[in-house]
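Engineer: One rule links them: number in the numbering used here = place in the sequence shown (from 1) + 15.
Since the hints were made in silico from the structure, they are not lab data.
Treat the hints with caution; some may be incorrect.
Here are the computed lysine-lysine pairs in the DSS-like style, where the Cα-Cα straight-line distance is at most 30 Å [claimed, not checked]:
#1 LYS132 to LYS50
#2 LYS175 to LYS125
#3 LYS131 to LYS50
#4 LYS187 to LYS175
#5 LYS175 to LYS50
#6 LYS122 to LYS132
#7 LYS180 to LYS101
#8 LYS50 to LYS21
#9 LYS187 to LYS50
#10 LYS101 to LYS50
#11 LYS132 to LYS175
#12 LYS50 to LYS122
#13 LYS132 to LYS101
#14 LYS101 to LYS175
#15 LYS187 to LYS101
For each label pair, taking beta carbons as the anchor points, the in silico distance ranges come out as [to be verified]:
#16 GLN43 to PHE89: 35 to 41 Å
#17 SER95 to ARG25: 36 to 42 Å
#18 ILE41 to ASN96: 41 to 47 Å
#19 TYR45 to PHE161: 39 to 45 Å
#20 GLN18 to GLN174: 32 to 38 Å
#21 ASP91 to PHE26: 42 to 48 Å
#22 TYR45 to SER97: 35 to 41 Å
#23 LYS125 to ILE17: 51 to 57 Å
#24 PHE89 to GLU48: 21 to 27 Å
#25 GLU48 to ASN164: 35 to 41 Å
Note that the Cβ used here is the ideal one computed from N, Cα and C, for glycine as well.
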Amino acid sequence: KIQTDKLESRFGQYRSMSGDQYHISIRQLYETENKLLISRELKLISHTSGSFDIDLFDNSDQDENSVEIIDDFFQDIELSNSDIDKVADSLPVITYLAGYCSHSANKNVKCYKCRKKLLSDKEMDVDNFKLIKSCDRGGLLYPSEFVTNIVLHICIVTQKLIIEKYEIQYLKVQNQRNLVM
Numbered sequence: 016k017i018q019t020d021k022l023e024s025r026f027g028q029y030r031s032m033s034g035d036q037y038h039i040s041i042r043q044l045y046e047t048e049n050k051l052l053i054s055r056e057l058k059l060i061s062h063t064s065g066s067f068d069i070d071l072f073d074n075s076d077q078d079e080n081s082v083e084i085i086d087d088f089f090q091d092i093e094l095s096n097s098d099i100d101k102v103a104d105s106l107p108v109i110t111y112l113a114g115y116c117s118h119s120a121n122k123n124v125k126c127y128k129c130r131k132k133l134l135s136d137k138e139m140d141v142d143n144f145k146l147i148k149s150c151d152r153g154g155l156l157y158p159s160e161f162v163t164n165i166v167l168h169i170c171i172v173t174q175k176l177i178i179e180k181y182e183i184q185y186l187k188v189q190n191q192r193n194l195v196m
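Kindly generate the complete structure, drawing on both the sequences and the hints.
Structural biologist: Next up, the structure:
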């Protein structure tokens, strides 16, 4: 008998990421597979808990005093060039995510100068863009260096927050996204 648990699990992921539809289209399958590949590239691995996801929900009803105490605890986190070198292998994925952020923000921005800050007019011949180039069929927009640096720094800060020194306090934070940003 052939074991199909992994296959069923994968198709379950496809269905859940496609709006919990039982019959998904080929396009939805490809889009979901791309999302899964990107998420596999950028795993956050905790010292004690293993792999985990960051809370993406906005808990705006928190106590302001607790935020100040937590912020004071994380004040000594600093970024260095060696931190950037550690994530050099993930730069194509980070640049792809920066492109997604630029595209999403570009939809809501009306100011021409602001749009120029979000998107690059030309594709640069840099290794960071190799993932975007492989997905491009002529319509993808390239993120500006400014947006790519923001996403890069958020990724590095998140990695630093899950090292042994900060991890327990970070996992106790109700709104982890606000802390990272």
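Engineer: Does 35 to 41 Å hold as the CB distance between GLU48 and ASN164, or does it fail?
Structural biologist: violated (29 Å)
Engineer: Holds or violated: 42 to 48 Å for the Cβ distance of ASP91 and PHE26?
Structural biologist: At roughly 46 Å between Cβ atoms, PHE26 and ASP91 fall inside 42 to 48 Å, so the hint holds.
Engineer: Taking 41 to 47 Å as the stated bounds, is the beta-carbon spacing between ILE41 and ASN96 within them?
Structural biologist: Since the Cβ atoms of ILE41 and ASN96 sit about 44 Å apart, the hinted range of 41 to 47 Å holds.
Engineer: Is 39 to 45 Å right for how far apart the beta carbons of TYR45 and PHE161 are?
Structural biologist: Given about 30 Å between the Cβ atoms, the range is violated.
Engineer: Against the 30 Å threshold, does the CA-CA distance of LYS132 and LYS101 hold or violate the hint?
Structural biologist: holds (27 Å)
Engineer: Holds or violated: the 36 to 42 Å window for the beta-carbon distance between SER95 and ARG25?
Structural biologist: holds (39 Å)
Engineer: Between the alpha carbons of LYS180 and LYS101, is the straight-line distance 30 Å or under?
Structural biologist: holds (19 Å)
Engineer: Are the Cα atoms of LYS131 and LYS50 separated by 30 Å or less?
Structural biologist: holds (27 Å)
Engineer: Could you say whether the range 32 to 38 Å given as a hint is met by the Cβ separation of GLN18 and GLN174?
Structural biologist: holds (36 Å)
Engineer: Are the Cα atoms of LYS187 and LYS175 separated by 30 Å or less?
Structural biologist: Given that 30 Å is the threshold and the Cα spacing comes to 15 Å, the pair holds.
Engineer: Is LYS132 within 30 Å of LYS50, Cα to Cα?
Structural biologist: OK: LYS132 and LYS50 at ~26 Å, within 30 Å.
Engineer: With the threshold set at 30 Å, check whether the alpha-carbon distance from LYS175 to LYS125 stays at or below it.
Structural biologist: Not OK: LYS175 and LYS125 at ~35 Å, beyond 30 Å, violated.
Checked against the numbered hints given earlier, the structure breaks hints 2, 19, 24 and 25 and satisfies all the rest.
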